[in-house]
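**Student:** Residue numbers (my numbering), protein chains in the order written: chain A, 1 to 862; chain B, 863 to 980.
Heads up, a few of these hints could be off.
As the list claims (entries may be wrong) - Now the stretches of chain A that chain B is said to cover, found in silico as 3 or more residues with beta-carbon under 8 angstroms:
#1 13 to 22
#2 51 to 61
Stated by the list, open to error - Across the chosen pairs, the derived CB separations fall in these ranges:
#3 965/B with 28/A: 21 to 31 angstroms
#4 10/A with 960/B: 27 to 37 angstroms
#5 970/B with 32/A: 40 to 50 angstroms
#6 436/A with 897/B: 47 to 57 angstroms
Simulated from the structure, these hints should not be mistaken for lab results. C-beta atoms are modelled at their ideal positions from N, C-alpha and C, and glycine is treated no differently.
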Amino acid sequence: MNYYRLLLHLYPSSFRMQYGDEMSAIFALKLQQSSGFASRYGLWLSTFIEVFGNAAALHWEIARRDLYYSARSLLRSPGFAATAVLLVTIGIGANVAIFTLADFVLVRPLPFPEPERLMKVWEKHPGYSMMELSPASYRDAKTANTSFASLAAYDEFNSMNLVGEGEPRRIDGISVTANLFPTLKKPALIGRYFHEEDDRAGAPGTVVLSYALWQTQFGGDRNVLGKAVSLDNQPYTVIGVMPPDFRFPTRETQFWIPFRFKEDDYQDRNNNYLVGIGRLKPGVSLAQARSELLLIAARLRKQYPKENESVDLSVIALRDELSPQSRLLLKGLCGAALCVLIIACANLANLLLARSLARQRELSIRLSLGANRRMLLRHILSESLLLGLAGGASATAVAVATLPLLGRLVPDGLPIQKVPPVDLQMLLFALGLTLITVIAFGVAPAMRASRNAGLSGLRVGVRTGGSGSHRARAALVIVEVMASVVLLVSSGLLIRALWKVQSTEPGFRTDNILAVRTELPFPKYDEVSLRGQFYSKVLADIRRQPGVTDAAYITALPMTWGGGIWAVLVDGTSQLRAEGHVASMRFVTPGLFSTLGIPLTLGRDVSETDTAERPYVAVVSESFVRRYWPNRQPIGQHFNFALHDREVVGVVGDVRVRGLERASEPQVYLSYKQVSDGWFEGYAPKDLVIHSSQPPEQLLPAIRQIIQSADPEQPISTVRTMTDIVAGETESRSLQMRVLVVFTAVAILLAGLGIYGLLSFAVAMRHQEFGIRMALGAGHGAIFKMVLGQGAALAVAGLLPGLAAAYLAARLLQSLLAGVRPADGLTFMAAAAVCLITALLGTLVPALRAVRADPAAVMRAE
Amino acid sequence: MADDRIPSLLPLQPTTLHILLSLTDEDRHGYAIILEVARRTQGELKLSAGTLYRSIQRMLEAGMVIETRTRPAPEMDDERRRYYRITPFGRAVAEAEAARLRDLLKMARLCGVAPRTT
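Please put together the full structure from these sequences, using the hints given.
**Tutor:** Structure below.
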């Protein structure tokens, strides 16, 4: 019988109290009438089912009724409801968008089976923690290790001209070892992927297509398998198509071809171009794999003391390959979004508190008319829940709309799509966050309201809201001020950092320069003279165009490729790459320096007469001269570089090859003609730069025609202005800063409104007091100052800890600050000023209202 | 006034109608209602305590029944029991539901899906 009473607790308490005794009596009777185990068992079972069903239905009826009443009461105060929904939208929206982005980039498993076992393998050289593997290193690591179930490799740079299907196109793809796909464990959508035989020298060419390429270039035709295509004039047979979510190593990759290694490829241990990717055997940890590869590297150092000196092998989880900057950028935004949430919630709590105080009379009346406290509490809570759900829904809509704009914060190097998907996980996060917000910030005001409501609330003229309530609300406003100061300082520092980076001199001119990439295919252009003919014809025709002042070809433009680093040997002594004696190598046509406005400080440019038959020459950068011949005349000096002795004939200014924020190696420019046929094909000039007196984009139709006439099969892959290339350097940084500035603006506005709301309410509550004070002789100035002082006290109470917290935040962001000090005085002062001005503005209206209290009217009312 | 509310209550849930019918001849307490409904339906409808009191609560709110203070002689009574009485409004609701069912039956007969004998 006691069990039945316990079961009755599933019912709402009001129902239980009303009918519980009778129900128990009926159950007792039924129990008496049932005899035997089976019939008792049946009675209990049916009772269980009945109680669960009826209790759930009753609870639902109550909740539905509460929600209905709450909706009606909210519609009666639309201003309050709209403000609260807006606050939830801002707070939750910012967090759903940013945390979805961060989860997508930093946390979510990569789209491969058992992604946590996928590791990248790199060589490690002094000064370079992640250097590509040489084919020999790859082969040695692959055969000697026992940690990896399979170890594959690919070559990151491999775009090719696709001819045969429509217009010739330059498409990005990679060469891979045959075991790459089995390593990633991603099956082909149709067809197959490579066998070991496809990977051997002399094997017929085979290609696997990406889903996107299959769709765009082959119309999604399933008969594509077995079709012959021409890539860089070589025949390939399509053998498979990968599924749409397969993006490896980046989302730009359109096709995969096998390496077809030759025995020669394993000879040079200093030719590093392979990225290793392996799948750990089950049960093998990252640390075990790491220490095993270190042992292998040590053995290789002993075996090849000259080539492998100081060369190590390192293993990094595929997931962890993100740059610390990208990570910090996202974490910073998460922190900012949390600040916005805190501020929005504090405002929301304040708003709900104010409403509950203002409604004290109404609640007291309802209590005296027979409602109980539990009903009041439920009613107020369901109001918060409704507001929260409405806000949560609109917040999700806002987040979904803004995610595509934030896509640029998804680093390009990850094998994931550009825009985080809207999925169940995101919706659950939004719902969870909303419920937490509602419970955390709705319960306290509801408890307070239902506790305070009593007969005392019915007295006319009662002053609602005791000092405890005021203190709680003041504390909330102080928290708001604190959080906005943190945001103000952080975004201020990041704005300064952006300015600083943007004002960095790249070392070349950016205005009116167009960069057009035309990658010549091999082996068609194996002969240097053939390449020369192409460049000469294109450049001569372009220079004839109206407005063009100069044009040239270079291996790769600064900031578009950081690689191409070669060891430097000076004075015949062996200078090891290990000691950082390296320079960036670029082959150029004459006229590059004048086109890009790189100052020629000594000597001459390379010239058309610098051919393979003449002494090999080089133009070097000033940092190169400082390093090797600090106090000597550089012109005429010799050094060994790219397999030849070179004579310095010119010195030019330094350029930021690796971008505005990274240190670059010294630069060496070589004549495009001083190279043997079939050598250094990866360095063959492919970027055409044109300087013109007019906006250079206008030249594009003419440029297309010129390239077509030089080689009808030659596509143009990318066209960009130099200004865009440099702006691209700061793209993610400036996007992050813009998001942060929006957050900060919202935050400071909310904090100002918070101060305004609190003081307005306090002034309204103290209306009588001000009237009496004035009747007793207090001047307007004194009252005004008193209210103003309250506002200032709130602002300062938030400002001081806020500045301290901001300094800590700035220390965490330090690596994003590009040299701006975390304790930058100017930024801190500006932030403090903005905060105080906002507080002042928020205080002004309540202070003026206080002054307007009419002593005569107040005294009459008393 | 009362009549205005009737259409919004129709059709009645079968449980509600049975409870109303069981109260037409005398006031009854909960368990007696359960027994009476079972008797009238030849054991077809056995109300559980939860279902009964959920319906009673709704019917009290709608004004179809009231709790009565008149109780039987003390030796027949159990103080835990509450007795319910049908109100004139409750009767009107039951009549309206009966009329609705009669019309429905008429329609069914016209369509030949119900026997014509009464």
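**Student:** Please go over all the hints and tell whether each is borne out by the structure.
**Tutor:** Hint-by-hint comparison with the structure:
no.: 1; hint: 13 to 22; verdict: holds (count 5)
no.: 2; hint: 51 to 61; verdict: holds (count 6)
no.: 3; hint: 965/B with 28/A: 21 to 31 angstroms; verdict: 43 angstroms, violated
no.: 4; hint: 10/A with 960/B: 27 to 37 angstroms; verdict: 35 angstroms, holds
no.: 5; hint: 970/B with 32/A: 40 to 50 angstroms; verdict: 43 angstroms, holds
no.: 6; hint: 436/A with 897/B: 47 to 57 angstroms; verdict: 50 angstroms, holds
The structure fails to meet hint 3 from the earlier list, while all remaining hints are met.
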